[in-house]
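Asks: Protein chains in written order, with our numbering: chain G, 1 to 439; chain U, 1 to 480.
Honestly, the hints are just simulated from the structure, not real lab data.
C-beta: ideal position from N, C-alpha, C; glycine also.
Keep in mind that a hint or two might mislead.
Claimed, not checked - Some chain G residues close to chain U (C-beta under 7 Å, calculated; not the full set):
hint	residue
1	S355
2	E363
3	D368
4	C371
Here is how the chains run, residue by residue.
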Amino acid sequence: MEALKDKLESSFLVFENEINGAADSPMHARRREAFQRFIKMGFPTKRHEEWKYTNLKPILKHDYRVFVNDEQTVDFSAIKRYFLNDVDTYKLVFIDGYYSSWLSETTHSDFDICTFSNMLTKYKDVGEKYFNKALPEDEALASVNTAFAKEGAFIRVKRGKTVDKPVEVIFITTDHGVETMTQPRNLVVVEENAEVTILERHQSLSSQEVLTNTATEIFALKDSRVNYYKIQNDAPNASLIDSTSVRQYSKSNVTLGTYSFGGKFTRNNLNFFLEGEHTESHLDGITVIDGKQTVDHHTLVDHKVPNCYSDEMYKGIYDENSHGVFNGKVMVHPHAQKTNAFQQNNNILLTDKSSIDTKPQLEIYADDVQCSHGCTIGQLDEDALFYLKTRGIPEKEAKALLLYAFANDGLRNVKIPVLRKKLNRLIAKKLNVNLDFEL
Amino acid sequence: MKTEESYLEEVTASEYKYGFYTDIEADKVPPGLNEDVIRLISAKKNEPEWMTEWRLDAYRKFLKMTEPKWPNVSYPEPDLQAISYYSAPKKKKELESLDEVDPELLKTFEKLGISLDEQKRLSGVAMDVVVDSVSVATTFKDKLGELGIIFCSMSDAIQEHPELVKKYLGTVVPKSDNFYAALNSAVFTDGSFCYIPKGVRCPMELSTYFRINEAGTGQFERTLVIADEGSYVSYLEGCTAPTRDENQLHAAVVELVALDDAEIKYSTVQNWYPGNKEGKGGVYNFVTKRGICERNAKISWTQVETGSAVTWKYPSCILKGENSIGEFYSVAVTNNYQQADTGTKMIHLGKNTKSTIISKGICAGKSNGSYRGLVKIGPRAQDARNFSQCDSLLMGSSCGSHTFPYIETQNKSAKVEHEATTSKIGEDQIFYCNQRGIGEEEAIALIVNGYCKDVLNQLPMEFAVEAQKLLAISLEGSVG
Chain G
1 MEALKDKLES SFLVFENEIN GAADSPMHAR RREAFQRFIK MGFPTKRHEE WKYTNLKPIL
61 KHDYRVFVND EQTVDFSAIK RYFLNDVDTY KLVFIDGYYS SWLSETTHSD FDICTFSNML
121 TKYKDVGEKY FNKALPEDEA LASVNTAFAK EGAFIRVKRG KTVDKPVEVI FITTDHGVET
181 MTQPRNLVVV EENAEVTILE RHQSLSSQEV LTNTATEIFA LKDSRVNYYK IQNDAPNASL
241 IDSTSVRQYS KSNVTLGTYS FGGKFTRNNL NFFLEGEHTE SHLDGITVID GKQTVDHHTL
301 VDHKVPNCYS DEMYKGIYDE NSHGVFNGKV MVHPHAQKTN AFQQNNNILL TDKSSIDTKP
361 QLEIYADDVQ CSHGCTIGQL DEDALFYLKT RGIPEKEAKA LLLYAFANDG LRNVKIPVLR
421 KKLNRLIAKK LNVNLDFEL
Chain U
1 MKTEESYLEE VTASEYKYGF YTDIEADKVP PGLNEDVIRL ISAKKNEPEW MTEWRLDAYR
61 KFLKMTEPKW PNVSYPEPDL QAISYYSAPK KKKELESLDE VDPELLKTFE KLGISLDEQK
121 RLSGVAMDVV VDSVSVATTF KDKLGELGII FCSMSDAIQE HPELVKKYLG TVVPKSDNFY
181 AALNSAVFTD GSFCYIPKGV RCPMELSTYF RINEAGTGQF ERTLVIADEG SYVSYLEGCT
241 APTRDENQLH AAVVELVALD DAEIKYSTVQ NWYPGNKEGK GGVYNFVTKR GICERNAKIS
301 WTQVETGSAV TWKYPSCILK GENSIGEFYS VAVTNNYQQA DTGTKMIHLG KNTKSTIISK
361 GICAGKSNGS YRGLVKIGPR AQDARNFSQC DSLLMGSSCG SHTFPYIETQ NKSAKVEHEA
421 TTSKIGEDQI FYCNQRGIGE EEAIALIVNG YCKDVLNQLP MEFAVEAQKL LAISLEGSVG
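Make the full structure from the sequences, and use the hints.
Replies: Next up, the structure:
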C-alpha cells in the first residue's frame, strides 16, 4: 500500500507538470487540497471503522500503472455486448481513461452530454460551482480520485429539459501487459425541473489486474428527477472502488440502483446528502456473487432538513467463498423533523464458506421521525421450495427460481424496460438458471 | 443546582467535618497508579502471591492500552492518576432519623414505594428495627450453605476458595480485554463471588440486598458467578433507589460461567447519580460483563439502566456449547444530558445456539442513547438462530437515538433477524389517555411501561414493580 502511495505522489507531480498552464487555476487548487488530504490520511486499513470488514491490502499491493499513455483502439464489435442494444441511447465511451469520440454519441443541444475535460475548458463556471462539492472530504480514495480528476462524463441538463434517451457511460480498460489503475471522474448536474436517466458501467478487457477508482458527483436541483443505474459485472481480475455522492435539493427525486455480479472486489461508497425539503431518495441494490468475490456496500443517507423520504433496499445472495458487506447509515440531524427513512437488507448465504457482515446503522437526533431498518440473514423458505417440488419443478430449478424472486425485488425502480430485461438475464445467468419468462 | 465541584466538595468535606477518618487515614493509599500501589492493595487484602502476580500482569497489559474512543459518547477523560485506589471501607455518617435525609431523596423513595425500613437502610439511617439487613443476610447465608452454595465477597473467596477463583477468574473477560477491564483486573478491591454446585437450584434470588460485603463496594467491582452442571441461579444487582456515589468513575467487571445444562439469570438495575439537569457531575459507568455458556446452558441478561452520566456497557454471551441460549433484555433511559452506549454481543460458536436481543431505548431531554450490538455466527455454528429487536422512543426534539448493530455471519444455515425502529410517543395515544382523564405525565408513564413490558417482564416480580415506577420518575419533567 505504501508503494502505491509513493507512486501516486510522484504521479501527481508528473500530472501537475503536464497541465502546466492550468496548474494555478482554482480547479487545480481543489485537486491539490484533495491530494494533501490523502497524503495525510493514507489508505484506509481494517482499523478504520468504515473498512472494518474489508481489507484493501490485497487490492492495493499490485504495481499499478497510474497513467496509460499508449492509446489503444477497440472495435465496437468487441464491446457491443456491454451496451443496451435494443434502445437508442446517448453514449459516452472512454478507453483507458481517454474519450473515444467515434464510439460515443454526444449532444450539446438542450443538455450537455460530453466529457469532464470538455467541461474543464468550456464550462469553467460549472466546474467551479460543482466540482468536488458533493464528495465528503474524509474519504481517502475519493480524494485520490479528485486529485487526478481529468476525464469522465459530464452531464448537465438545463432547466426544464428532459433528456430524451438514456445516457450510457462506459469505461473500458484494455490490455497493456501491465497492471493498470484508472480514475474516471463524473459530474452530473440536473437543473430545476429537469430529468435524466444514466447508466454506468466499468469493463476490463485486460488479462491483468485492473483497479478502477471512480468517483461521481450528482447534483439534483429543485424539482429534478434523476435515475442512475450502475451495472457492476466486470472481469474476474478487475477491482472497483466507487465513490458516489448525491446532493439533493427540494422536491427532487433520485433513484440509484447498484447491481453487482462480477469483478474480484467491489466497494461502493454511496452518499446522499439531502439539502432541501420534500425530497425522495431511492437506493436499491442487488448483489449476486460467487467464487472469491467481495462486494462491499457502504451507504449514507444524510437527512439534514425536514420532510424528506428515503428508502433503501439491498438484497444479497452469496455463493461459494464470496464475502459480502453492507453498512447502511441513516443520519437524521436535529430539526430534520417528519423524516421518513426506511432501510432493508436481506441476505442469503448459500455455502458455509461464504460470509456476510452487515451493519445497518441509524443515528437520529430528531424526535418526530419514522425510521426503521430491517436486516435478515437466512435461507429459502422450505415450504415454498416444497410447494414448487410438488408441482414437478426439480429442486435445482425451484431453488434458483426462489432466489431469483428474492433478488428481483431490487429491480422495482428500474424504469428502462430494456435494462430491466438485461438485469433479469444477468441475475438468471449468475444463478445458473434458464428462465423463459419475465417477472 | 449542585455543580460537580460543590457536590464532590460536599462529600469530601463531610468526611473530614465529622472526623471519621482518624483511624483510617493510615489505611489510605495516596492517589496515583503504579506497581507499588497494586502491590500495596494486594498486601492490604492479604492476598496470596499468585493474585498479586495476576494483578501486576494485568497492570502491565493495561499500560500498553489506550482509552477506547469508539463509543458514541463524549466526556472529559477521567484522570486515573488522581484516584486513590485503596481506602479502607468508609463509615458513613449515621443519621438519627429520616427527618435528616434529603427530602428530595425521600420523595423518590415514596414514589418507588420502598418500605420505611428499607428507606432508612438505603439512606444510611441507623437501624434498630427488627429487619436488620445484616442479620437477614446471615440467615440466608446459612440456608445457602446447607445447599453448598458459596456466596461471599471476592476477597473472602480469594482466601477461602482460591482453587475456584484461580480456575475461573479472567477466563471470560481476559485481563487484556479492554482498557477498563485491564484497569479493573489490576486494582479491583472487592465484589461478589458465587458458586452453585452441581444440580442445585438456588432457592432464592441472590441479590445485593442481602449482600455480605459492606455497602461501599468501591468503584472497581469484580463479580464472578459460576453455575456448575445442571444448576440454576438468579442474581440481582443494583437497586432501584437512587445511589449517590462520590466516585466519578466506575469500572466493573462481571464474569458468568454457565457449565453444561446450567442456567444463570442476571438482572441489573442501575440508577447511579446522573448529574444535575445541566449535565454537571454524575457517574461514569464503564462496565464489562460477559458470560460463557457450555453445552445446553443458558445465560439471560436483563438490565434497566436509568442512571449514570455516561454509560457504556455490553453484557455479552459466548455461546460455546451446543444448544446453548443467550438472552439480552434491556431498557435504557436517558434524560437531561445523560449518554448511554449500551448493547450486547452474542457470539455463536456451537451448534443449534440461540440468542434473543430485545433492547428498548428511551431518550428524553438533551440525552443520547445508542444501541451497539454484535451478532456473530461462527463457521461451526450450524443452525444458529438470532432475533434482535431494538426500538427507540424519542421524547423531545433535542435528544438523539442511535443504533449500531454489527452482524457477521459465516454459516449458511444461520438465521439472523434484526429489526429496529425509532419513533416518538404518538400524540393520539396521549390524547386518548387525556380524554379518559389521565394526565399527561401519567399517560407517558403508561405508554412507556407498555413499551418496555417485554423487558420488565423478565425482571423478578418485586423488582419489576419498582422498575416501572423508576421509569416514570426518570422521565419526570421530560415532556412539556
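Asks: Taking the hints in turn, state whether each one holds.
Replies: These are the hints, each one checked on the structure:
Among the interface hints, the one on G/S355 holds; its C-beta lies about 4 Å from the nearest C-beta in chain U, closer than the 7 Å criterion. Given hint, G/E363 at the interface with chain U, holds; its Cβ is 4 Å from that chain's nearest Cβ, closer than 7 Å. Taken as an interface hint, G/D368 checks out: its beta carbon lies about 6 Å from the nearest beta carbon of chain U, inside 7 Å. The interface hint given for G/C371 is met, as the beta carbon of that residue sits about 4 Å from the closest beta carbon of chain U, less than 7 Å.
The structure shown violates none of the earlier numbered hints.
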